[in-house]
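Enquirer: Knowing the structure of chain E, use the given hints to seat chain F on it.
Protein chains: 2
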Amino acid sequence: MIKYIITGLSGFVSKHFLDYLDACGEKAEVYGIDINQPDFNLSRFTNIKCYFREINLLNKDDISNVLFQVHPDYVLHLASFSSVSYSWNNPVASFVNNTNIFLNLVEQLRELHRPCRMLSVGSSEEYGNVNASNLPLKENGPLNPISPYAVARVSQEMLSRVFADGYGMDIVMTRSFNHMGAGQKDIYAVSSFAKQLVESKNRGDKTCKLVVGDVSIIRDFVDVRDVVKAYYLLLKHGSRGETYNVCKGEGIALSELIRMMAKILNVSVEISINKDLFRPKDNHKIVGSNKKIFEAVGWSPKIPLEDSLKDIIDYWGSKLILSRES
Amino acid sequence: MIKYIITGLSGFVSKHFLDYLDACGEKAEVYGIDINQPDFNLSRFTNIKCYFREINLLNKDDISNVLFQVHPDYVLHLASFSSVSYSWNNPVASFVNNTNIFLNLVEQLRELHRPCRMLSVGSSEEYGNVNASNLPLKENGPLNPISPYAVARVSQEMLSRVFADGYGMDIVMTRSFNHMGAGQKDIYAVSSFAKQLVESKNRGDKTCKLVVGDVSIIRDFVDVRDVVKAYYLLLKHGSRGETYNVCKGEGIALSELIRMMAKILNVSVEISINKDLFRPKDNHKIVGSNKKIFEAVGWSPKIPLEDSLKDIIDYWGSKLILSRES
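If you're matching them up, the sequences are chains E and F in order. When we follow the numbering used here, the leftmost residue of the first sequence carries the number 12, and every step to the right adds one. When we follow the numbering used here, the leftmost residue of the second sequence carries the number 12, and every step to the right adds one.
This is chain E alone, in the form it adopts within the complex (with noise of 0.2 Å):
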């Protein structure tokens, strides 16, 4: 049996994730660990199994009994303090935080001897502050990183590469970009967008409001259902102390991404925005170039926009009628 370890379980990533490796057909054990409960079944499965330990990634004892326990062959680290302007408000904490619950997991693993992929997973915060000369960007591009959280994800990408040259781990590391999908929280631009507009639309608006940042913003978006099948193809088949890419290889503007819902919806929209919203020295365009994990593994992304569109609107649509019922 394939023994699988996820953090950062309850995010709304690994449920994506536990969803394809159950429809992949592969036996496995997976015991995913958070600091909070998950909100979704776990014994929904009829492949998998899966479990959940409540456990703080900051406390080192408690992930090495677990690695202990379990001797997993995957890692999956998907867990991290995320939020870019949390990093602002408190750069301590968030540099000290992400970069501890990385060193915890990866030096308890190197205590365990003993065969174990690890997938740590990045961000395109990392390229921070780009130069459109640069653009799609690729892997081997500079690094300028504009926020404390970006710090942080360069810092734990130098680490895996060292622990995977220095000390033999079998790490493999991603920069992800921006994701799309069901159960993402409106914390993001266009679940935010998405929930806006159903709202609007359940209270029977003729037109619907939507209060915005800059909307002129150009970014490569993946659904998350690609992404995750990314995750399994670099754990299965990515090559140790490497770093890949998970992008669409397209940019599109969220002004775009507004107008599509609107016609999806059918309902027309009248934008307003708030400058709060808008992030300081942001990129006007952020785009990957996926070629490298597409030679190495063969992965590109399938799910049209359309569909992912979909797919978040019919989100909110059952999440928001569920809570005025509950």
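Don't read these hints as lab results, they were simulated from the structure. Take these hints with a grain of salt, some might be off.
[To be verified] Have a look at the derived ranges for each label pair, beta carbon to beta carbon: (1) F:D293 x E:N140: 31 to 39 Å; (2) F:R290 x E:H248: 27 to 35 Å; (3) F:S279 x E:N140: 55 to 63 Å; (4) F:S144 x E:L333: 54 to 62 Å; (5) F:G309 x E:K220: 18 to 26 Å; (6) E:R251 x F:K286: 23 to 31 Å; (7) F:Y178 x E:K330: 32 to 40 Å; (8) F:D293 x E:K330: 52 to 60 Å; (9) E:K220 x F:Y178: 30 to 38 Å; (10) E:E261 x F:P315: 55 to 63 Å; (11) F:P126 x E:L333: 50 to 58 Å; (12) E:H82 x F:N285: 32 to 40 Å; (13) F:E267 x E:F289: 55 to 63 Å.
[Claimed, not checked] Keeping only pairs whose Cα atoms sit at most 25 Å apart, straight-line, the calculated SDA-like set for lysine to any residue is: (14) E:K292 x F:E118; (15) F:K321 x F:V223; (16) F:K149 x E:N145; (17) E:K212 x E:M271; (18) F:K292 x E:G177; (19) F:K149 x E:N151.
No experiment lies behind these values; they were computed from the predicted model shown. Every residue gets a Cβ at the ideal spot worked out from N, C-alpha and C, and that includes glycine.
Expert: Here is chain F on its own, set in the frame of chain E:
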């Protein structure tokens, strides 16, 4: 009265910085902090007043207290856990301690809300795995750190930039190349060679035996007296948020340094190679460019290599006589 705080006061770079500052004629108060008592006299100066405070930078309340009491104009952050080999044996402690002492200092400084320039001293180790085509190394070139220590150094530099650009703090950064000078510990190659040769000559050996690692490697050595002058000029005139190489701009093989020392001491040398002293995956050649610091603050190294070596040999000559007498 201009006020300085120097972290890592008891190290050999601080001692030379104090000598330089005093010789400048600047009327300054210097508050030196370290976990160890300095082994040099703090009351020997003409123009500066120097005080020592035994403080562990991992204790942020103690840092906060000293910052609020002193209200420094300049902070020279020299303290670090700087051994690469320690970092391989203790990767987590090396990374966490180095980044934590920096973060404690910079965060407490941020809370002072008072103009103060800080020099964050980094290392040529940040360049890591170097491609020969990138020599001499320039500040905007790629960073490929290959040890836990080097990753901590890159992290500190990236955090410095975030604190400078994001919070408007007045921080200047260095990547300092190999130092040589009187007072350097004999865990460093050149100091170790000088000590061994002086000991052997003092014993009256016909041929001086010298235990070495890989002496074919080429490094960029700067006399510590030139280094501290660079730090002074960067504190006074460097640009906020910028990183500067502190290097000679020329490489020399360790074997050539040994030849020069043998000539100064008028001895013949028999080299014995200890493979344990080889570093895994070391670069054959590391040479930096000092164009940026020269153009910014007019600094270039002045002390001839031969003078540096004579100085180191004299230091070990006096020290070994003293230790025999005591």
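Enquirer: Hint compliance check: list the failing hint numbers for this structure, sorted ascending.
Expert: Failing hint: just 5.
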